[in-house]
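Chain by chain, the residues:
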Amino acid sequence: MDELLTILISRINYWVYIILMMVGMYGIIIKKNLMKKIIGMSILQTSVILFYVSIGAKKNATIPIIEHGHDTGHAAVQATHYINPLPHVLMLTAIVVAVATLGVALALAIKIYKQYNTLEEDELIEILKEKEF
Amino acid sequence: MNIIVTLLLICGLLFFTGGAVGIIRFPDFYSRLHPAGKLDTAGLTITMGAIALYTISPFSIEALIIALKIILIAVFVFITSPTATHAIIDAGVRAGLKPWRKEPEADE
Amino acid sequence: MIWQLDLIILMIVIVLGIGALTVKDLLSAAVLFGAYSFMMCLLWAIMGAVDVAFTEASVGAGVSTVLFVAAVFRTSRRTKD
Amino acid sequence: MKAIGVILVGFLGGLLIYCSMDFPPWGDPHSPASSHVSPYYIEHTLEDTSVPNIVTSVLADYRGYDTMFETVVIFTAGIACIFLLRVFKAVEPETRLYRHLPTGITLRIAQGGKFPDDSDQFKRIDSDWVPHDIILQTTCRMIIPFIQIFALYVIAHGHHSPGGGFQGGVIFGASIILFAIAFDLRSAIKRMGERLTAFLCALGVLIYAGVGLVCMLYGNNFLDYSALADILGVDRISARSHGILMVEIGVGLAVMAVMVVLYYNLASAGKHDEGL
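Chains as they are written, first to last, in the working numbering: chain C, 36 to 168; chain B, 16 to 123; chain L, 75 to 155; chain F, 87 to 362.
It is worth saying that the hints were derived from the structure and are not from the lab.
A hint or two may mislead.
Within a straight-line C-alpha distance of at most 25 Å, the following computed DSS-like cross-link-like pairs (lysine-lysine) qualify [unchecked claim]:
#1 Lys200/F <-> Lys175/F
#2 Lys166/C <-> Lys154/L
#3 Lys357/F <-> Lys149/C
#4 Lys154/L <-> Lys98/L
Bound conformation, chain C alone (with noise of 0.2 Å):
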């Protein structure tokens, strides 16, 4: 019993990033509408996100802002007792250019509701294969 928690602990997050970006996946792949494939893409995002912060946790380890004191100088700052930041910082900065990249998305799916009055998909080929003809 013991051993398949920490199995479990060991594991869970991998588990749950893959069952988010198969969710995700189900979403883009499957729904016929414009603005689910937009929230499933999103999904898909912070389950990247979600692993890369994952793989840069540590035990026993505090927020990645070393703590120092104007007179005591800075004693010897120890690797492992601080979070891994380059995981942080990669995908601090993904976060923001996926809701630049949301708003761009977004666009182009109002300028489609504009042109065919319509979000579905099999809709949308149906009036593009008429034009075609």
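Since the structure of chain C is already known, use the hints to place chains B, L and F on it.
Just chains B, L and F now, with coordinates in the frame of chain C:
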């Protein structure tokens, strides 16, 4: 001091529980927002007061500053939460939701 | 890094993500996606990534929900699936 | 189609779960991701840049090149949104709603009628959704200055606490979006116009690249802020800390302006007259 803090925390959590039960149990939109607006604000104010009290219990200037920041959170929520509830109810009125009556057909 | 709390929030995140994809109303989907982002922010705060959590709280739960609601307001709430 | 999708998703998920068995356990301090370059950052940030928040120092100093081009990506997204949606020729709506302020009467003027000018007598209101809520507006008037001060604090105090240019810029943009929601889009545009936002987008990126260029003019590498020591009159380590602050201000300006541009264009579908 610890006893007072614990009592305040329990009191605040009681308010939160009441709010949650009220949101589930009340029959319609308007009466559901009533516990959400009032009890959550009261519970949060009391809980934040308890945490501020716990922070300054060994008194020092830094602890006082941290406690003031916690009080600021309470003040901010005290202003914004009723406003948000008001805005939601206003949207409900404009969308044409009818308040719940005991016999809906009787007064038609 | 309290793993019990982590597990509970992970469950809530999965439920909210599936809910945001399956609900029939696009406005509800936008609001559920906002709640999903906020739970994600809590998860990162537990893992110690305070900067990422702060960014997600302001970007994911704040601005992107507003953008979704604005886009739904300019298009339609109707969806077939 | 649906069956193929479910099978594909299930197969890929099973494959990934099988592969996840090879990962190091969660929270292992000696995993490969945290054993090569990140110990250097953690141990040397205080003596190199005197910034205690490691995330800020890595973001703006050690990996400043990366962040600069992320800012350029955000800027490009804002410009792309303008090009996609903005309608420059004025399309008159069929009807407009005006409120006569002394009496509180709402007038509906059909197309072809004479539209009154905005004055203290008549005020134009939205036709889809009419925000005239005095409680909401008073609260927003009270709250918004504090939100903006908090955003500036987040940008300036990012060296010692969580925060920085991205977060502060987004919070500042969100305060302007809150103003546009609580009042209406036209009064927000009157205060922060389209030209100003486009200018600030470009200015933010320009500040970032300009700081790097000034460093290069003084004979150092691009974005090596220790060259600023002569201009600022401090030692080389503090100069790097101040250089990080300048760069963060540029990032904050660009992000704030792009958020506002995205909201203006999405909420009015590019017409900039009636918003959410």
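> When the hints from earlier in the document are held up against this structure, which numbers fail?
Replying inline: none
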